[in-house]
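Novice: Chain by chain, the residues:
2 protein chains.
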Amino acid sequence: MNTQHLVRRLVKATPSKIVFLILDGLGGFRGAGRQQSELEAARLPHLDALAAASSCGLSDPIAPGITPGSGPSHLALFGYDPVEHDIGRGLLSALGVDFPLQPSDLAARMNYCTVRDGLVTDRRAGRVPTAECARLCRMLAKVEIAGVEVFVQPEQEHRAALILRGEGLDDHLTDSDPQVTCKAPLRVQALEAQAERAATIVNEFVRQAGMILKDERPANMVLLRGFARYHPIPSMQELYRLNPACIAVYPMYKGVTRLIGMKVLETGPSLGEEVATLETHWQEHDFFYLHVKKTDSAGEDGNFDAKVAVLEEVDGLLGRILGLRPEVLVITGDHSTPSALKGHSWHPVPVLMHGRWCWPDEVRSFTELAFSRGCLGRLRATDIMPLALASAEKLAKYGA
Amino acid sequence: MNTQHLVRRLVKATPSKIVFLILDGLGGFRGAGRQQSELEAARLPHLDALAAASSCGLSDPIAPGITPGSGPSHLALFGYDPVEHDIGRGLLSALGVDFPLQPSDLAARMNYCTVRDGLVTDRRAGRVPTAECARLCRMLAKVEIAGVEVFVQPEQEHRAALILRGEGLDDHLTDSDPQVTCKAPLRVQALEAQAERAATIVNEFVRQAGMILKDERPANMVLLRGFARYHPIPSMQELYRLNPACIAVYPMYKGVTRLIGMKVLETGPSLGEEVATLETHWQEHDFFYLHVKKTDSAGEDGNFDAKVAVLEEVDGLLGRILGLRPEVLVITGDHSTPSALKGHSWHPVPVLMHGRWCWPDEVRSFTELAFSRGCLGRLRATDIMPLALASAEKLAKYGA
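From first to last, the protein sequence lines are chains A and B. My numbering applies: residue 656 is where the first sequence begins, and numbers increase by one. My numbering applies: residue 656 is where the second sequence begins, and numbers increase by one.
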């Protein structure tokens, strides 16, 4: 049972403040010759002490066994059913570059790539610099398709977002990205009859892009994936009567939180700067999402020691967050990224909830296994938001 | 997933007996300067010993973060989805006084109150004695509204139930109770167009009641809230093939259990008398709900020591219940009422299940935190009934 509709009925606006400190890819794993997980290896005196004074548990981002991408796992953290709100990768790309989407816009994630003799030889065109990506995007402004407005927005390195604006552009489309090299880019196909027109338009875009880029090196073609139409979803203001803010560095996290009504605060790239942004804007909001990306990047790179180092850096900054005295502080991840697996995984994620009305349990260290014996038990990620609102005394009683 | 429909298909009538000992508001909290919760402070040798021989866990009455009223939390205990069966306060009041409701009856909870110069000065009219309440209810029998039968039934002290019987009385209505003093009683409004007729009728009732009571002191007006129409819900006989009985002192608990087919047994007001009623009727039923109210009342009053005393009283009576040798004994609460919070809360509730087929786990004391490490883990309250039926060997296999 997703209780978001109940929470919406019961929620009250109050001055109490909630902070979600989200360590991307937080959960790790013992393995690849190591006797400890990243959390077990790290020295985390402040997180351990906080665990001893908090309610702890493990959460499944979507459901047991499901490895999530960052889009659905973040929606779940904020209480949105991540299957009901199945927003595509393309939409997240467009939101991440702050593109002002309109209802019915069709978006896709785009890579610049290298093709030779019609076959993809590098899906990322050697990770072209972001400035070069921007130049290529400007070139693609020349694409002309009758009845459709075309927007091509640079992201980082080889990444860009394609947005097509027009009537009836359905998103039931296959990708053009073959996902492997030594294959030709795929023709985009309609998965349902109503997407035939969109497929034709997208393939025309690809054809013109190929013509425009044909003499460029190394980026002489585009690959498209994650077609998605924009369906507005209810904001956190509407659902929870919150005035929420996002502190994040990477575009996609800004995009997904903007989608649910968060104000994206300007911040610098370091963790210390993110915490400084929290301090600066403390009086202006009652909900803060503070995103730590590097735990995930280190895990993706299979860099155990780098992930340990990021965890220890977060530990060192904890005092500044606690110093603001939020009524409720939640520390968790959007999913696990064990460095042993070099990618996202399905393992449940430690979740800590600290506040006046959170039982302190007998967990004494901030690790996966210790948290498996915490009083929160094993939750779904969508339960975290209602619990945080309750603990901040923002939910009225249900029924007499 | 609510499994009630599955259980209904699989259940068998057997002679085995199940007892639900429900300590209202059981869960407590360490806080308000105390290092222990009420359960931690209480001396509970018999409950501790039983925990050591039982399966233990924590249950969320509705869902994590949701604070329930007693109506929905009791329905959940008996396996009914408390959101699907959203019965209003008025209905519970009418059922609590044993009023023979008919489909389409519209009921409301009524308070006698004091108004002066049109403003409410006491929402409970000084808690008038029950006999006075009964006299006032007889006076209101004079109300006459064309096309509608009016019933006014006394509850306890200033509390009464109003039942209106007639065609098309929709329950999408606002309350007349302003919930605070120094305001005038509110005009009842229709929340949907189909409730306009009901709103007119209810406001006419209030007008006539005000005329009839105008020279009374202190109760010279009525306040109405929780309008609800009667929608019959399937009984425990139909769903579980049980012959269930209720042993409770307070009207609302009798009302909600009568709604699902329980026979309400006559009993005295003390815990000892309730247990004696269980003993007397032991041969007549295969399911008993025994309700302990005072754990909740003490919690609501913020009286830590009184709650501890009630818990210890229950502990002293446990031997008599076990002496009857029920096949399954469930001990839990309908929700938490920590005395530190002086009200219901969202915290999960200890649940103990004892019987031949219940794993004894490593829990050795009847406390919230000890139960968080029990083998039942963290349940939804609606899971308790299927588990109890299974443990009593009343559920057949699902599928071949």
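One thing to keep in mind: the hints can contain errors.
Where chains are identical, the list cannot tell them apart; a pair therefore holds if satisfied intra-copy or between any two copies.
With a straight-line cut-off of 25 Å between C-alpha atoms, the simulated SDA-like cross-links for lysine to any residue are [to be verified]:
#1 Lys1052 with Asp736
#2 Lys672 with Gly927
#3 Lys918 with Tyr905
#4 Lys1052 with Ala995
#5 Lys918 with Leu846
#6 Lys1052 with Arg1033
No wet-lab data here; the hints were simulated from the structure.
Novice: State for each hint whether it applies.
Specialist: Verification of the hints:
1. For the homomeric pair Lys1052 and Asp736, the shortest alpha-carbon distances inside one copy (23 Å) and between copies (17 Å) are both at most 25 Å.
2. Only within a single protomer do Lys672 and Gly927 lie at most 25 Å apart by alpha-carbon distance; the minimum there is 21 Å, versus 47 Å between protomers.
3. When the C-alpha separation of Lys918 and Tyr905 is checked against a cutoff of 25 Å, the pair qualifies only within one copy, where the shortest distance is 15 Å, while the shortest distance between copies is 50 Å.
4. When the C-alpha separation of Lys1052 and Ala995 is checked against a cutoff of 25 Å, the pair qualifies only between copies, where the shortest distance is 17 Å, while the shortest distance within a copy is 45 Å.
5. Proximity of Lys918 to Leu846 under the C-alpha cut-off of 25 Å is found in neither arrangement, the shortest distances being 36 Å within a copy and 34 Å between copies.
6. Taking the shortest Cα distances, Lys1052 and Arg1033 sit within 25 Å of each other both inside one copy (24 Å) and across copies (21 Å).
The structure fails to meet hint 5 from the earlier list, while all remaining hints are met.
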